[in-house]
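**Q** With these hints in hand, go ahead and build the complete structure from the sequences.
Protein chains in written order, with our numbering: chain U, 5 to 176; chain X, 58 to 425; chain Z, 13 to 435; chain W, 636 to 739.
Capping the alpha-carbon separation at 16 Å, the derived lysine to aspartate or glutamate pairs in EDC-like fashion look like this:
| no. | chain 1 | residue 1 | chain 2 | residue 2 |
| --- | --- | --- | --- | --- |
| 1 | Z | K183 | X | D88 |
| 2 | X | K84 | X | E399 |
| 3 | Z | K419 | X | D293 |
| 4 | Z | K419 | X | D304 |
Just so you know, these hints were derived from the structure itself, not from any lab.
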Amino acid sequence: MIEGTGPALAFWGLSALTLVSAGGVIVSRNLFHAVLFLVLAFIGIAGFFLLLSAEFLAMAQIVIYVGAIAVLMLYAIVLTPRAGRDNRETWMAVPALFVAVGLAAVLLFAIHDTDWAKSARAYVLSAGELGRELLGTWVLPFQLASVLLTAALVGAVMLVRSPEEERKEEEE
Amino acid sequence: MTEIRSEPFVVNIGPQHPSTHGVFRIKATVDGERVIDAEMVMGYLHRSIEKLAEERTYTQNIPFTDRTDYLSSMSNNLGYCLAVEKLAGIEVPPRGNAIRVIMAELQRLASHCMAIGAFANDTGAWQTPVMWTFRERERILDLFEMTSGARLTCNYMRIGGVAFDLPKDFVPACRKVIERFPAFIDELHGLLSENEIFIARTKGIGVITAEQAINASLSGPMLRGSGVAWDIRKADPYCGYEQYDFDIPVGENGDSYDRFIVRLEEMRQSVRIIEQALDGLPGGPFRTEVPLALRPPKGEAYARVEGPRGELGYYVVSDGGPSPFRFHIRPPSFINLSLLKEMTVGGTVADAIVVLGSIDIVVGEIDR
Amino acid sequence: MIWLPFLVSEHWWDLRDLGNLSREILELIERGLGSEVAYIVSPLIGFVASFLLFVLPTQLYLGVYGERRLIGRMQSRLGPNRVGKFGLLQPIADAIKLIQKEAITPRGADRWVMWTAPVVFVAPAVLVWAVIPFGPNMVIADLPTGLVYYLAVAALPVLAAFMAGWSSNNKYSLFGAMRVVAMAISYEVALVLALLGVVLFTQTLSLQEIILWQRDLDIWLVFLQPLAFIIYFISASAELNRTPTDIAEAESEIVAGYLTEYSGMKWGLFYGMDIGYAIAAAAFGSTVFLGGWSFFGLEEWVPPWLILIVKTQLFYFVFIWTRGTLPRLRIDQLMGLAWKYLLPLAAVNLLVVAAERLWWKEAELGDGIVYLFAAINIVLAVVLLVGWARALGYRPERVRTRPRLVKEPLGYVPADSSAGGGQ
Amino acid sequence: MSVTLEHFLTVSALLFTLGLFIALSKRNAVGVLMGVELMLNASNLALLAFARLTEGPAQIAGPVFVVFVITVAAAEVAVALALAVSVYRVRETIDVDRITLLRM
Numbered sequence: 005m006i007e008g009t010g011p012a013l014a015f016w017g018l019s020a021l022t023l024v025s026a027g028g029v030i031v032s033r034n035l036f037h038a039v040l041f042l043v044l045a046f047i048g049i050a051g052f053f054l055l056l057s058a059e060f061l062a063m064a065q066i067v068i069y070v071g072a073i074a075v076l077m078l079y080a081i082v083l084t085p086r087a088g089r090d091n092r093e094t095w096m097a098v099p100a101l102f103v104a105v106g107l108a109a110v111l112l113f114a115i116h117d118t119d120w121a122k123s124a125r126a127y128v129l130s131a132g133e134l135g136r137e138l139l140g141t142w143v144l145p146f147q148l149a150s151v152l153l154t155a156a157l158v159g160a161v162m163l164v165r166s167p168e169e170e171r172k173e174e175e176e
Numbered sequence: 058m059t060e061i062r063s064e065p066f067v068v069n070i071g072p073q074h075p076s077t078h079g080v081f082r083i084k085a086t087v088d089g090e091r092v093i094d095a096e097m098v099m100g101y102l103h104r105s106i107e108k109l110a111e112e113r114t115y116t117q118n119i120p121f122t123d124r125t126d127y128l129s130s131m132s133n134n135l136g137y138c139l140a141v142e143k144l145a146g147i148e149v150p151p152r153g154n155a156i157r158v159i160m161a162e163l164q165r166l167a168s169h170c171m172a173i174g175a176f177a178n179d180t181g182a183w184q185t186p187v188m189w190t191f192r193e194r195e196r197i198l199d200l201f202e203m204t205s206g207a208r209l210t211c212n213y214m215r216i217g218g219v220a221f222d223l224p225k226d227f228v229p230a231c232r233k234v235i236e237r238f239p240a241f242i243d244e245l246h247g248l249l250s251e252n253e254i255f256i257a258r259t260k261g262i263g264v265i266t267a268e269q270a271i272n273a274s275l276s277g278p279m280l281r282g283s284g285v286a287w288d289i290r291k292a293d294p295y296c297g298y299e300q301y302d303f304d305i306p307v308g309e310n311g312d313s314y315d316r317f318i319v320r321l322e323e324m325r326q327s328v329r330i331i332e333q334a335l336d337g338l339p340g341g342p343f344r345t346e347v348p349l350a351l352r353p354p355k356g357e358a359y360a361r362v363e364g365p366r367g368e369l370g371y372y373v374v375s376d377g378g379p380s381p382f383r384f385h386i387r388p389p390s391f392i393n394l395s396l397l398k399e400m401t402v403g404g405t406v407a408d409a410i411v412v413l414g415s416i417d418i419v420v421g422e423i424d425r
Numbered sequence: 013m014i015w016l017p018f019l020v021s022e023h024w025w026d027l028r029d030l031g032n033l034s035r036e037i038l039e040l041i042e043r044g045l046g047s048e049v050a051y052i053v054s055p056l057i058g059f060v061a062s063f064l065l066f067v068l069p070t071q072l073y074l075g076v077y078g079e080r081r082l083i084g085r086m087q088s089r090l091g092p093n094r095v096g097k098f099g100l101l102q103p104i105a106d107a108i109k110l111i112q113k114e115a116i117t118p119r120g121a122d123r124w125v126m127w128t129a130p131v132v133f134v135a136p137a138v139l140v141w142a143v144i145p146f147g148p149n150m151v152i153a154d155l156p157t158g159l160v161y162y163l164a165v166a167a168l169p170v171l172a173a174f175m176a177g178w179s180s181n182n183k184y185s186l187f188g189a190m191r192v193v194a195m196a197i198s199y200e201v202a203l204v205l206a207l208l209g210v211v212l213f214t215q216t217l218s219l220q221e222i223i224l225w226q227r228d229l230d231i232w233l234v235f236l237q238p239l240a241f242i243i244y245f246i247s248a249s250a251e252l253n254r255t256p257t258d259i260a261e262a263e264s265e266i267v268a269g270y271l272t273e274y275s276g277m278k279w280g281l282f283y284g285m286d287i288g289y290a291i292a293a294a295a296f297g298s299t300v301f302l303g304g305w306s307f308f309g310l311e312e313w314v315p316p317w318l319i320l321i322v323k324t325q326l327f328y329f330v331f332i333w334t335r336g337t338l339p340r341l342r343i344d345q346l347m348g349l350a351w352k353y354l355l356p357l358a359a360v361n362l363l364v365v366a367a368e369r370l371w372w373k374e375a376e377l378g379d380g381i382v383y384l385f386a387a388i389n390i391v392l393a394v395v396l397l398v399g400w401a402r403a404l405g406y407r408p409e410r411v412r413t414r415p416r417l418v419k420e421p422l423g424y425v426p427a428d429s430s431a432g433g434g435q
Numbered sequence: 636m637s638v639t640l641e642h643f644l645t646v647s648a649l650l651f652t653l654g655l656f657i658a659l660s661k662r663n664a665v666g667v668l669m670g671v672e673l674m675l676n677a678s679n680l681a682l683l684a685f686a687r688l689t690e691g692p693a694q695i696a697g698p699v700f701v702v703f704v705i706t707v708a709a710a711e712v713a714v715a716l717a718l719a720v721s722v723y724r725v726r727e728t729i730d731v732d733r734i735t736l737l738r739m
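**A** Encoded structure:
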């Protein structure tokens, strides 16, 4: 429970921003606009993180999602010039709509039906403690994550290498 | 795996572009940053000077030669006058020759200043070398203005000698300008040729082997950059160049960097020539009188001059009338440009611009 | 409150610490209009103070006017001196000229994205100043993660540049946009690793505490971390597209990069905010590496925000200096520099710093050890920089800087390997 | 005026379903990826909501888990886009309807 009119206003504003921009991703006719709406949604979610006083994660979210992932998607669009950039739907859009609405109904019912063990005591994990946790009790998943990232990096590079480079490799 | 369809992407390094040194266009087919194919489009500045010259008398053609290569008007005038003098068998007095040598070498300094400044600007040194070289070039243009009245298109040389004698205070002023030059060249040397980024941008870019250069009949700094020691002033001396002692700078591996240091060294040699010419400036007449409506005997003549960009040739055919039957110019830039395709293909767009800067073209001379 | 042996009195007219002045104003508003209004007014005061006091004079005058004069002097010409006394009104004249110029939208351009690009480019430039401390208690938002905040804000203009380049429907713009993004991402990795080295020593991400750490130990981080400083400088100049890495708007190659189709005040915003980011990077650099508002005790007499302004202007002068003299690197050389040269150096620097930190804390050595670390790190930086460059095959002495001189025109002169070094 | 856990969970659920709809309905592979990213972000939001507004282990495990979700998301996007570009090179389209053959 977060008191005060400031956070409440912020919450409603941010949720409006995020949901509208997510809607924008669906509606916009141009794929490039869709990515920009997605960036807006990421910024909205970073705002939520701030609201939940997880500052370091909000900054990390902006650096990683807006700084790298959104830009990666823009690069993918630029590198595929003749693929359709019109952001149209497949024929499965209508069944997908039913699935989504059904899932939403189930989730919302579950959320509002159970009474969560709320607590007013605000214990917030600062960046320092998060670091100590990551390298303390969670050090094994941390190492696994770094292995995963390296594997993904090498995999992505191998996938995208153009045949000329491969031919050059074989000649050497 | 089927063949990969990559998208060639035609980029116009177009007629209106900050670093094509005038109205000149390269249609570059580009895959990403790499240039696959480069096609040159020229002729935007064609004024058909060679046809116009056939309507005018020999003396009236001299201003045309200023406007073909507007950066070295003195050398162009000299070339044309030598051709007509060879055709009509006119002797030039020694003072005329000495003044011609001084003017041609001063013009080489001014033109090389422009070339080096523009080349450094193409590699990205944001205007600083250009401003320095233009400061020095201004001093030389003041000398030209003092003698011929004009800075760029001087129209100073006449058939049989020069238009007017040197003004009294020309020699001291010229000495003052020449004394500063070696210090300025060392300054440029420090700023650019020892600058790692400049070396990284120009070393190994646009390489021409000596054999390629000779086959494409290149001349001037382009040829000397590839290691071929060939200079018209030594090979086929004119205007008394054999009296002066100077060297030919020769590069090693024919890349843009070598052409740059060859031009820098040539400026030093020109300073040496001018000093020797100023010391031994003979007295006497500066021009042999030639009738205005000169009618040279029927026949043809070809005279060549070592212009700042290379071998500048003038081929004049006379049918005995007051105006030449045929008037043709051998423009060094046009011929130096023939290897542009081999030099740019394979490099990036940025390299293409640097290579074009190292060739040092003047569009007025290419399109004539 | 941080206890400070501070000569500054608590009166509001003591301008050395503007914190008092703003506290007085807020108390006035609190009594008069209630706490909500004060809650809203306090960041405004902070913003106005930082803008008027710091950004306007440095950014507008140092950036627009100072840079053009200095570069003019470097190029042996005068620089703007016509408008007003000594040309001081030049920035205002530029702004007026740009405002009344027509902003053209090329046909086929993506109208919406093209006109939101300047907005997305300008907003972060103002946000950056929220986290930079001007004095002991003069900082708008003393975030405990100030450093990461700066990195987050530095990621947004890259996106704005790509939007501008992509939407102007012009080949050169697309080139420019692709180059900006490729370069910014690869240099951000090296930047983060270098700043990590700093954080390892100061054990905090908040900029205020980094400055206090430097003040208490009486050492600037530039001496303790020379390698990180060099990597920061190179990465910052690459992120901001300043020469020698200004390939995004390389006039000689791709006309004006992603700004080709922009005109009028839209272009003006990009140009102004470019300088804004450069000054923000200079301010951030001087905060983290050059001790921000502290100057070994001088900050008790001289107003601390003045010290920060002087340091930022000196830092920015180096940017102007490199812009005035150095040619531009090619895109693949820049990528090579980032991944093959800066990144390994940053990683090794991190290793060394961690070892020093561990040794310092485990053996409970006093704070004097820091000067020993500084000496070690400086020597190490020089060795690493030169050694790693040589390892990557950089041999400057192999380059012949003077051609050979030949007396007679005897055709092809083969390259005799004997003349290895230049004369 | 107060913001409770249910508020955050509702927003997260809505965001998740929007992401799911985008992932299922978009024709272009990059569109599908956008949907997946939204779903991951929605889960991050729920994790942090629990971390901030409930007692017990979630307060530490929440943010840590969000860090891991962000790294996995970044790796996943990199590989997925690399896949899309290499498929584009062969088929000249990244239209999910037309990429149905497993053979190249």
